[in-house]
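> Given next are the chains, with one letter for each unit.
2 protein chains.
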Amino acid sequence: MPVHLSSPNPLDLHPVAGVQLGFAMAGIKRPGRKDILVMKLAEGASVAGVFTKNRFCAAPVLLSQTHLQQSAGIRALVINTGNANAGTGDPGYQDALKTASFVANQLGIQTNQVLVFSTGVIMEPLPMTRILEGVSQAIHGLGQATWFDAATAIMTTDTLPKACSRVIQVGAETITMTGISKGAGMICPNMATMLGYVALDASIHQDVLNRWVKQLADCSFNRITIDGDTSTNDSFVLISTHHNQAVQIQTGNEPEAKIIFEALKEVSVTLAQAIIRDGEGATKFITIQVKQAQSEQEALKVAYSIAHSPLVKTAFFASDPNLGRILAAIGYSDIDDLQVNLINVYLNDVCVAQAGCRSVNYKEEAAKQVMSHSEFTVTVELNRGHASTVVWTTDLSHEYVSINADYRS
Amino acid sequence: MPVHLSSPNPLDLHPVAGVQLGFAMAGIKRPGRKDILVMKLAEGASVAGVFTKNRFCAAPVLLSQTHLQQSAGIRALVINTGNANAGTGDPGYQDALKTASFVANQLGIQTNQVLVFSTGVIMEPLPMTRILEGVSQAIHGLGQATWFDAATAIMTTDTLPKACSRVIQVGAETITMTGISKGAGMICPNMATMLGYVALDASIHQDVLNRWVKQLADCSFNRITIDGDTSTNDSFVLISTHHNQAVQIQTGNEPEAKIIFEALKEVSVTLAQAIIRDGEGATKFITIQVKQAQSEQEALKVAYSIAHSPLVKTAFFASDPNLGRILAAIGYSDIDDLQVNLINVYLNDVCVAQAGCRSVNYKEEAAKQVMSHSEFTVTVELNRGHASTVVWTTDLSHEYVSINADYRS
Numbered sequence: 410m411p412v413h414l415s416s417p418n419p420l421d422l423h424p425v426a427g428v429q430l431g432f433a434m435a436g437i438k439r440p441g442r443k444d445i446l447v448m449k450l451a452e453g454a455s456v457a458g459v460f461t462k463n464r465f466c467a468a469p470v471l472l473s474q475t476h477l478q479q480s481a482g483i484r485a486l487v488i489n490t491g492n493a494n495a496g497t498g499d500p501g502y503q504d505a506l507k508t509a510s511f512v513a514n515q516l517g518i519q520t521n522q523v524l525v526f527s528t529g530v531i532m533e534p535l536p537m538t539r540i541l542e543g544v545s546q547a548i549h550g551l552g553q554a555t556w557f558d559a560a561t562a563i564m565t566t567d568t569l570p571k572a573c574s575r576v577i578q579v580g581a582e583t584i585t586m587t588g589i590s591k592g593a594g595m596i597c598p599n600m601a602t603m604l605g606y607v608a609l610d611a612s613i614h615q616d617v618l619n620r621w622v623k624q625l626a627d628c629s630f631n632r633i634t635i636d637g638d639t640s641t642n643d644s645f646v647l648i649s650t651h652h653n654q655a656v657q658i659q660t661g662n663e664p665e666a667k668i669i670f671e672a673l674k675e676v677s678v679t680l681a682q683a684i685i686r687d688g689e690g691a692t693k694f695i696t697i698q699v700k701q702a703q704s705e706q707e708a709l710k711v712a713y714s715i716a717h718s719p720l721v722k723t724a725f726f727a728s729d730p731n732l733g734r735i736l737a738a739i740g741y742s743d744i745d746d747l748q749v750n751l752i753n754v755y756l757n758d759v760c761v762a763q764a765g766c767r768s769v770n771y772k773e774e775a776a777k778q779v780m781s782h783s784e785f786t787v788t789v790e791l792n793r794g795h796a797s798t799v800v801w802t803t804d805l806s807h808e809y810v811s812i813n814a815d816y817r818s
Numbered sequence: 410m411p412v413h414l415s416s417p418n419p420l421d422l423h424p425v426a427g428v429q430l431g432f433a434m435a436g437i438k439r440p441g442r443k444d445i446l447v448m449k450l451a452e453g454a455s456v457a458g459v460f461t462k463n464r465f466c467a468a469p470v471l472l473s474q475t476h477l478q479q480s481a482g483i484r485a486l487v488i489n490t491g492n493a494n495a496g497t498g499d500p501g502y503q504d505a506l507k508t509a510s511f512v513a514n515q516l517g518i519q520t521n522q523v524l525v526f527s528t529g530v531i532m533e534p535l536p537m538t539r540i541l542e543g544v545s546q547a548i549h550g551l552g553q554a555t556w557f558d559a560a561t562a563i564m565t566t567d568t569l570p571k572a573c574s575r576v577i578q579v580g581a582e583t584i585t586m587t588g589i590s591k592g593a594g595m596i597c598p599n600m601a602t603m604l605g606y607v608a609l610d611a612s613i614h615q616d617v618l619n620r621w622v623k624q625l626a627d628c629s630f631n632r633i634t635i636d637g638d639t640s641t642n643d644s645f646v647l648i649s650t651h652h653n654q655a656v657q658i659q660t661g662n663e664p665e666a667k668i669i670f671e672a673l674k675e676v677s678v679t680l681a682q683a684i685i686r687d688g689e690g691a692t693k694f695i696t697i698q699v700k701q702a703q704s705e706q707e708a709l710k711v712a713y714s715i716a717h718s719p720l721v722k723t724a725f726f727a728s729d730p731n732l733g734r735i736l737a738a739i740g741y742s743d744i745d746d747l748q749v750n751l752i753n754v755y756l757n758d759v760c761v762a763q764a765g766c767r768s769v770n771y772k773e774e775a776a777k778q779v780m781s782h783s784e785f786t787v788t789v790e791l792n793r794g795h796a797s798t799v800v801w802t803t804d805l806s807h808e809y810v811s812i813n814a815d816y817r818s
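Chains as they are written, first to last, in our numbering: chain A, 410 to 818; chain B, 410 to 818.
There are no misleading hints in this set.
It does not matter which identical chain is meant; a pair holds if it fits inside one copy or across any two.
Below are the BS3-like pairs computed for lysine-lysine, each with C-alpha atoms no more than 27 Å apart in a straight line: (1) K772 with K700; (2) K438 with K777; (3) K772 with K438; (4) K777 with K700.
Derived by calculation from the structure, the hints in this document are not laboratory data.
Input sequences plus hints: build the corresponding full structure.
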């Protein structure tokens, strides 16, 4: 059961001028489900992306990175689920290239104007016949699909589609931005079996877009973790269709830029958090906040040490304030000169540890009460600096084991 | 159910001359179980230890490290289960000191000749009245307890006592070594809620003992992981009673030294592996072998990346050759210039990945068959150097979640 997540209302997902969507049911892994999505972008769109840091990164990731670098002007994205095309070597790369070239042919554009994305099982060859048939169908249907269809078409173990849309006023102009994401396992910073796409109609300069896509990932998709596993295929793509030429962001320093960036951040954070809320077997949505660190890097070490500890996560699942496990996780987070007698820990506003020891006023009942909620915040004060960070994660439940022990069967 | 582990036969556990054992049932956490162990060493014994690297290390760890450094000649060890005396600040340190001083008084030795060890729940104050009563009882019974009793007295979530003994011939002399260990969760390199003690009657010079304790830990207790959590209390202690003066190891370069070290290694590895075999919820015992790395450090990164991946561990549990998860874990093991197209992966002798792709001759049935065994080996060849390492781990089962969600209740 997802934690405070419901299916988006299709009526709340606004079309973005300059983006056409089409999907297909190609039967890549199972028949009868949407598993191919094609996004066609109007000429002149700007696109920026960030990708997995996994060294075993998938063939389509390598290809999409190359095509983005060639700056020929991206005109189409094609996404398949059911097969990751990772750990497939040169034949896998050729398959990704073949897919791009097929799309290019059908749309009358160049191969390097196409980005390719895959998600699913690793180390199995792509079923190219079904893929190309599906792509052909999806292209045929371009313009008929909604963002809700698109969100559904990229799901794998997700239980719900994930999408978010914002319409904002920038001066006299109305700007529309809509995004979709997928992912429920193998979720970790930098990034996860997670795909995210956000498009907006404002006109954002390529340099600004390149900067923003990294900044947005760093405050959303790079701050979530379910199981500490970084996938081979993660990608986050930001698209400006330039359809609304009245709003021009050239440097990112314009007053309008801040408004648009904040709205994009809201969309990205919502899409990223939706992945955690739908995390495999998740029964809780937990915010881990680390304050007073010497650097954000240091704060992140502590936050992930807590977020990745199976012992902490099972205690979250059990609503058991076994808080020593949190202290232990802080203790092994690999900060050499950490002074544990300066550390305070809170569950929501209940102070559980003060100066490295159990808080004098601590009542287990109060901590248990906080942990019994399906959403709560763990705050750690390190008392050694001014940097801070926030990470979102889930508990570790029986259901997680079931899902991952049975995923392929 | 532990994996290929049975309770040691008390008759196989040989007394070590110069070590007297006593236990008590002090009711620290629950009544009716052995929870205090006292080891009294004959005058002149040499002792060396390695301890947790967790910054939140427990009060008794701090105290024992100090006492070892003071080199007053350790004469007694006292171990309690049920409470870790960690995250307890200065009052916790005073409690550990009080315990040491109590033991010293009763035995007519100095306080800094006593080492103190605790394991159990973190961040709760030690019940000192019960502890001291128990210690008193244990001292009263010194000499009556066996190594089997000792192994039982240090258990927490362990389902079986862990002990190992070897009697070896060194020239005309017979050397006896016996050890015990405990631990089943929060198990990780450097080290875990794990305690290990090995005593032998040969005469080993303090400098050699100091070196050996580290070397032994590095090939045994520092090569096991269940959940990646490093505990606050881990300790491994090596004791030479010097009872058998006929075998003198002064430099470690003597021909006898090699024989003794190898036997100690066998005992340490057996004790460490017993912890994994009894791992919380373990249904499999998995050896992860990484070869052809540029350094052992690099090999360890890859090995732990695989051993800590919840996705790999659930696949092990399910006997599901979802081998892409292993490749993904290798890919995110943080080796910058890793060339994935050089990597081979084997399950026992079945080659599953060759040059970074699925092996041409790979049959899923063969991999499934290997994984259905309760013990198997994953071998990774990196093809970039000559260093290698071995790590032992478990799968991740429903039972693991149950145990850790319910541990305190």
